[in-house]
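Kindly generate the complete structure, drawing on both the sequences and the hints.
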Amino acid sequence: MMSNSVPVIAIYDIGKTNKKVFLFNEAYEVVYEKSATLPETTDEDGYPCENIELLTRWITESFSEITELKAFTIVAVNFTSYGASFVHIDKNGNPLTPLYNYLKPYPEDLKKKFYGRYGGEIMLSIHTASPVLGSLNSGMQLYRLKYEQKTVFDQIVYSLHLPQYISYLLTAKACSDITSIGCHTNLWNFPQHNYHEWVYREGLIDKLPPVFASDEIVKEIIFSGKKIRAGVGLHDSSAALIPYLTNFREPFVLISTGTWSISFNPFNSSPLTVEELQQDCLCYLTYHGRPVKASRLFAGYEHEQQVKRLAAHFNKQTDHYTTVKFSKNIIDALRLQPEVRAKDAASITVFPERDLHAFTSYEQAYHQLMLDIMSRQINATGLVLEGTDVKRIFVDGGFGKNPLYMHLLAEAFPGIEVYAASIAQATALGAALAIHPHWNSKPAPADTIKLMYYNTSTFQK
Numbered sequence: 001m002m003s004n005s006v007p008v009i010a011i012y013d014i015g016k017t018n019k020k021v022f023l024f025n026e027a028y029e030v031v032y033e034k035s036a037t038l039p040e041t042t043d044e045d046g047y048p049c050e051n052i053e054l055l056t057r058w059i060t061e062s063f064s065e066i067t068e069l070k071a072f073t074i075v076a077v078n079f080t081s082y083g084a085s086f087v088h089i090d091k092n093g094n095p096l097t098p099l100y101n102y103l104k105p106y107p108e109d110l111k112k113k114f115y116g117r118y119g120g121e122i123m124l125s126i127h128t129a130s131p132v133l134g135s136l137n138s139g140m141q142l143y144r145l146k147y148e149q150k151t152v153f154d155q156i157v158y159s160l161h162l163p164q165y166i167s168y169l170l171t172a173k174a175c176s177d178i179t180s181i182g183c184h185t186n187l188w189n190f191p192q193h194n195y196h197e198w199v200y201r202e203g204l205i206d207k208l209p210p211v212f213a214s215d216e217i218v219k220e221i222i223f224s225g226k227k228i229r230a231g232v233g234l235h236d237s238s239a240a241l242i243p244y245l246t247n248f249r250e251p252f253v254l255i256s257t258g259t260w261s262i263s264f265n266p267f268n269s270s271p272l273t274v275e276e277l278q279q280d281c282l283c284y285l286t287y288h289g290r291p292v293k294a295s296r297l298f299a300g301y302e303h304e305q306q307v308k309r310l311a312a313h314f315n316k317q318t319d320h321y322t323t324v325k326f327s328k329n330i331i332d333a334l335r336l337q338p339e340v341r342a343k344d345a346a347s348i349t350v351f352p353e354r355d356l357h358a359f360t361s362y363e364q365a366y367h368q369l370m371l372d373i374m375s376r377q378i379n380a381t382g383l384v385l386e387g388t389d390v391k392r393i394f395v396d397g398g399f400g401k402n403p404l405y406m407h408l409l410a411e412a413f414p415g416i417e418v419y420a421a422s423i424a425q426a427t428a429l430g431a432a433l434a435i436h437p438h439w440n441s442k443p444a445p446a447d448t449i450k451l452m453y454y455n456t457s458t459f460q461k
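Residue numbers (my numbering): 1 to 461.
Do not take every clue at face value.
Said to hold, decoys possible - Cross-link-like lysine-lysine pairs, in silico, DSS-like; alpha carbons within 30 Å at most:
id, residue 1, residue 2
1, K442, K34
2, K219, K34
3, K113, K150
Claimed, not checked - Beta-carbon label-pair distances, calculated as ranges:
id, residue 1, residue 2, range
4, N92, A312, 52 to 60 Å
5, K16, I122, 29 to 37 Å
6, P107, A27, 46 to 54 Å
Simulated from the structure, these hints should not be mistaken for lab results. Beta carbons are placed, not taken as given, at the ideal position from N, Cα and C, and that holds for glycine.
Here it is in structure tokens:
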């Protein structure tokens with residue numbers, strides 16, 4: 001009897017808050033979705049962290065469930081998750097430590113010892129394309145284990161970044177992946193395209209499994225009688241870029257907006273300068289191992305804090321900003337006001353220092369907030385644009401739905417086409433597209449990204 005089940009790829013998309021598994025059909029439509037929110041636990045110092053036992057159980061149990069679904073035949077599986085997170089496994093494949101939180105404060109004395117030994121912060125940051133970020137440089141977590149928990153360190157057979165640990169759970173094959181290694185880990189020497197010398201000197205290289213290509217199949221597994229091709233897994237920021245790299249050949253910048261606004265330029269491979277590092281630039285690696293220059297701005301966080309302040313002052317709902325329409329008249333009037341400079345160089349924008357009593361309405365104050373955010377955004381995006389022939393800027397995430405942000409961005413870059421872009425499940429879709437030829441005989445679809453064009457002629461008074 002012929003089976004009517006639909007061939008699909010399963011994608012695990014593991015975020016800090018939401019854990020999801022999707023099934024995509026050959027047209028890259030989501031045909032099944034399951035999600036969970038797992039409670040956090042704490043590490044031995046009482047610092048909050050992901051509960052690795054719960055996560056492990058959810059992945060293995062949900063995989064058993066989806067392979068039993070009669071309507072679908074899973075032919076492949078791939079994985080994506082947040083970066084800067086290691087799972088250290090013993091000879092039996094069991095985690096030896098908690099999944100330490102990348103926001104956990106890093107000991108100052110150990111940091112000084114490390115950078116003092118290996119050429120100083122500036123030199124090491126230039127080579128590894130990683131600003132000094134403490135635990136967020138995941139290589140530093142492994143270095144810390146060596147000096148603070150030597151007995152545990154000696155028991156580590158492999159240290160796996162989280163996407164590769166999830167792949168390991170189903171394949172029992174330990175791998176490293178270039179997108180995880182290349183994301184501000186301090187591990188990778190970008191000019192030499194290899195692990196940095198310190199990784200060898202400290203013996204960390206023995207804990208890192210072989211690097212597998214991000215667009216290849218790591219192993220074919222047999223599960224519930226089905227042959228399933230498994231990928232190595234990808235860092236989420238690199239995965240989210242893949243639909244754009246698949247759809248667009250002309251040089252572009254992607255501004256991915258959420259808590260952070262990160263400007264990615266996959267067409268800028270020039271080495272990071274000291275000035276760029278000081279302004280929070282870093283490099284990622286694409287799934288083909290090419291450098292992507294990126295700059296970060298804490299703009300979503302700033303927006304979230306300031307709209308609460310505006311709501312309280314003007315007695316409005318917190319989400320009142322969603323009703324504000326772009327007004328060129330308000331913008332023009334605000335630009336005639338004297339410039340305000342931030343007193344604190346570390347502040348995200350100057351807006352927290354503004355007196356809200358100076359504004360006649362919520363709308364006027366909100367326009368000023370967006371002007372202040374945009375002045376910083378222009379600088380951040382400009383850092384990765386420099387010296388490249390970018391034709392388009394795409395904005396996805398929250399600010400892509402914000403008409404003030406989009407109009408002001410289009411005005412700031414008049415020689416470049418500016419688009420709000422939306423993709424359903426961009427990160428999961430990217431992980432599926434990474435191994436497209438290994439599971440899908442149809443051409444990759446060209447219509448997964450919905451675009452809305454903004455230019456100065458669309459401005460209204």
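* Against the structure shown, which of the earlier numbered hints fail to hold, in ascending order? -> none
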